[in-house]
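Protein chains in written order, with this note's numbering: chain A, 16 to 416; chain B, 21 to 319.
Quick caveat, the hints were computed from the structure, so don't treat them as lab data.
Just so we're clear, the structure is a prediction, and the values are computed from it rather than from any experiment.
Ideal Cβ positions, reconstructed from N, Cα and C, are used throughout, including at glycine.
Accuracy of the hints is not assured; some may be wrong.
[Stated by the list, open to error] Taking CB as the label site, the calculated pair distances span:
no., chain 1, residue 1, chain 2, residue 2, range
1, B, Val-137, A, Thr-413, 49 to 57 Å
2, A, Leu-283, B, Met-304, 19 to 27 Å
3, A, Pro-289, B, Arg-210, 39 to 47 Å
4, A, Val-407, B, Val-266, 48 to 56 Å
5, A, Thr-102, B, Glu-141, 33 to 41 Å
6, B, Thr-179, A, Asn-369, 47 to 55 Å
7, B, Val-294, A, Ala-73, 29 to 37 Å
8, A, Asp-276, B, Arg-306, 25 to 33 Å
9, A, Pro-289, B, Val-294, 20 to 28 Å
10, B, Ile-33, A, Pro-289, 50 to 58 Å
11, B, Arg-210, A, Arg-72, 52 to 60 Å
[Unchecked claim] Some chain A residues judged to face chain B by a derived CB distance under 7 Å, without partners named:
no., residue
12, Ala-187
13, Ala-192
14, Ala-196
15, Val-254
16, Asn-373
17, Gly-385
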Amino acid sequence: MDWLRFGRRPIITTALVAAAVVVAVVTTSTVRDGVAVSIALAVAIAGVATLTSKGIRATHPALARAALTVTAVDVALFATYFFSATTNFNLAIGAAMSIVLLGLSFLTGASGQISLGNGAFMGVGALIMAIWANHHATTPIAITLLIAVVGGAFVGLLLGLPATRLRGPYLAGMTLAFAVAFTGIVNTFSSWTGGDAGLQLPSAAPAPHWLVSFFSAQTSLFTTGTMWLTDITIVVTGVAFFFMANLFASRTGRAMRLIRDNDVAAELVGVSLPRARVIAFIVSSAYAALGGALWTLINNSVSPPTYSFALSVTILSLIVIGGIGTIPGALIGGLIYAYSTNVISWITTQTGLNPQGNFASQLNGIIFGGLLIVTMLFAPMGIAGAVRRLWVHRRTKTALE
Amino acid sequence: MDPFLTSRIVSDILGGLTNGVIYGLVALSLVLIWRSTGILNFAQGAMPMIATYIGMVVFAHEFSYWPCVAISLVVGFAIGGGTERLLVRHLYGKPEINPIVVMVGFLIVLEGVAAAVWSTEPRGIVNPFSPIDFQLGGKPIAMSAFSLYEVITAMVVMTLVAVLFRYTKLGLQLRASALAPEVSRLLGVRVSRMLTLGWVLSMGVGTITTILVASNFFTGLTPQVMDGIFAFGFIAAAVGGLDSPVGAIISGICIGIILQFVGDFLNSNYIILVALGILIVSLMVRPNGLFTKSSVRRV
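Let the sequences and hints guide you as you build the complete structure.
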């Protein structure tokens with residue numbers, strides 16, 4: 016497959032870009048669409064070219080990760096133009112969820128701890144987003160999202176302080192207590208949070224001006240007025256994944272993995288256990304808050320009962336099924352979440368269950384709980400781990416032959 | 021006329037005691053499993069919940085209260101033993117998040133199954149004790165026949181567990197196999213049987229607790245009836261130290277009383293916040309609990 020490595024063949028790359036522009040011009044009807052398609056294709060080609068150039072993953076790992084992120088985000092953004100509004104909504108919800116899953120995956124993968132309260136941390140971010148937007152409607156979305164992330168990190172710090180000295184079950188139990196308490200806490204401050212009824216965003220969040228002027232709503236590509244929300248979510252997800260991939264590979268990330276595998280050895284080589292544990296916990300809460308804030312943005316409102324203990328358990332199930340401690344696992348889990356409702360209602364209709372019946376309404380919990388147990392017993396690294404093992408197995412076999 | 025017994029402070033202490041013994045019992049059942057198998061059982065509320073549904077709802081038409089209690093207990097023992105043998109046995113020696121994840125999965129499966137079979141409607145359990153507070157000179161004392169029944173049953177259960185562990189041969193074997201499984205095995209203790217027995221015992225305590233909670237006229241039995249109580253029970257166990265049965269009971273009762281004061285003098289919304297605060301502060305001060313003798317783990 017050497018011809019695919021066009022990173023070393025600039026002529027082929029240039030020819031492909033030119034062909035892409037021609038395709039764009041031929042297939043699209045307006046100038047704006049043509050420009051959009053050309054840009055998307057050019058970015059994708061440039062990204063793949065960087066990714067496949069020889070040795071780049073060894074010499075410039077960060078650049079390779081950036082190229083991978085940019086390509087994936089570019090393709091996903093391009094795809095949203097062709098999806099229906101429902102699909103885009105599901106995709107956005109799933110993408111935001113994958114950010115939350117990534118945070119939990121990092122916590123476990125990097126420090127061997129586990130949190131049962133990430134649903135509540137999502138709720139923290141979701142509420143901060145709504146409260147801020149209600150008081151300062153003019154703040155740009157990016158800033159509001161950052162405020163929600165900082166708020167989530169701060170709550171994570173408060174709860175994580177004892178985590179410096181805790182071992183597994185204590186932290187899990189403490190976060191469980193937080194998850195169970197969250198709805199009560201929201202009601203305690205109901206003058207801010209709106210209690211169980213929650214909050215609405217002041218108006219349907221308007222698309223940023225420059226975005227509208229670039230992809231005008233009149234063009235055929237811009238199918239719905241809310242598609243930009245999906246696009247923003249995808250971009251934010253890309254940034255979050257890129258940042259996390261670098262963190263995993265950084266000095267801090269390596270130190271944390273050492274703690275997970277052998278905390279005594281980690282201390283002996285000079286890693287500060289308490290610091291690393293608290294940082295891992297804070298990062299995981301901040302990511303959860305970011306996911307929750309995006310949910311508020313996508314739904315245009317926040318309903319605190321959503322962020323119950325059940326959601327925390329769903330989050331745990333998704334990342335365990337996807338592959339806890341891995342980065343692809345978070346993406347897999349997010350995709351599963353985006354389509355879980357559809358799959359479960361499909362199962363309900365296929366098996367002829369009464370959709371309003373007791374059993375159908377509990378199917379979600381039973382299936383996720385069962386998968387949680389089965390995965391943990393038989394494939395503790397989830398789908399991502401199983402795929403990776405198959406891959407490594409095949410490669411060693413070919414190497415031996 | 022004794023104004024002291026009907027005063028606000030005494031009422032709070034009595035009401036807090038009634039809640040506190042329940043938290044203490046949940047904490048005790050967690051400690052029993054933690055000490056014998058080193059697992060924090062997140063399904064500690066859900067497993068006895070199933071036993072209570074089977075005993076107190078399925079058989080409610082055929083039998084009166086006490087036979088139903090007996091049936092629930094037997095089912096509870098069976099669930100405890102069966103779970104240890106079939107599910108938990110595969111988790112020994114695995115990284116510490118594996119049992120946590122599996123037990124959380126078990127928790128939601130059980131709650132889902134219970135809600136699927138019996139719906140989420142609260143089921144009242146008819147019991148022989150009146151929920152109406154005793155009267156003294158026209159004023160209520162915060163103690164009814166039912167809460168007296170709760171407190172006394174809890175005390176009896178705690179005493180039985182203490183006697184079993186301290187004064188019987190079986191208790192000695194249980195303690196020995198938790199503390200030094202290798203040595204105990206060499207000395208002829210059936211260690212694996214003792215691990216199962218730890219779960220069976222804990223489920224016995226759990227089933228009695230759930231029956232007490234669900235028999236309450238104001239609560240009834242729902243699939244998620246133990247979720248909140250489990251959280252308080254865990255807080256009690258963590259504050260007291262997961263290794264210490266006495267600590268679990270004492271801190272359970274103390275937390276019950278403190279929270280009753282919080283609910284009465286501040287606002288009932290603050291109860292869970294204060295409970296979380298107590299947990300966080302006590303874990304920061306004594307990460308292994310207030311009542312455990314400190315043991316050094318790291319170099």
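Hints, verified against the model:
Restraint check, B:Val-137 to A:Thr-413: a C-beta distance of roughly 52 Å satisfies the suggested window 49 to 57 Å. A:Leu-283 and B:Met-304 have their C-beta atoms about 25 Å apart, which keeps the hinted 19 to 27 Å range intact. The hint said 39 to 47 Å for the Cβ distance between A:Pro-289 and B:Arg-210, and at roughly 41 Å that hint holds. A beta carbon spacing of about 51 Å between A:Val-407 and B:Val-266 agrees with the range 48 to 56 Å that was offered as a hint.
Taken as a hint, the range 33 to 41 Å holds for the pair A:Thr-102 and B:Glu-141, whose Cβ atoms sit roughly 37 Å apart. The beta-carbon spacing between B:Thr-179 and A:Asn-369, approximately 49 Å, falls within the hinted interval of 47 to 55 Å. In this structure the supplied range 29 to 37 Å is violated for B:Val-294 paired with A:Ala-73, their Cβ-Cβ distance being about 55 Å. Taken as a hint, the range 25 to 33 Å holds for the pair A:Asp-276 and B:Arg-306, whose Cβ atoms sit roughly 28 Å apart.
At roughly 26 Å, the beta carbons of A:Pro-289 and B:Val-294 sit within the given window of 20 to 28 Å. B:Ile-33 and A:Pro-289 have their C-beta atoms about 39 Å apart, which leaves the hinted 50 to 58 Å range violated. For B:Arg-210 paired with A:Arg-72, a C-beta distance near 55 Å keeps the hint of 52 to 60 Å intact. Restraint check, A:Ala-187 versus chain B: the minimum CB separation of about 5 Å is within 7 Å; hint holds.
Because the closest C-beta pair between A:Ala-192 and chain B is about 5 Å apart, less than 7 Å, the hint holds. Because the closest C-beta pair between A:Ala-196 and chain B is about 4 Å apart, less than 7 Å, the hint holds. Violation of the interface hint for A:Val-254 is found here, the shortest Cβ-Cβ separation to chain B being roughly 28 Å, above the 7 Å cut-off. Against a cut-off of 7 Å between C-beta atoms, the interface hint on A:Asn-373 holds, since the closest Cβ of chain B lies about 5 Å away.
Hint status for A:Gly-385 relative to chain B: holds, with the closest Cβ pair at about 6 Å, below 7 Å.
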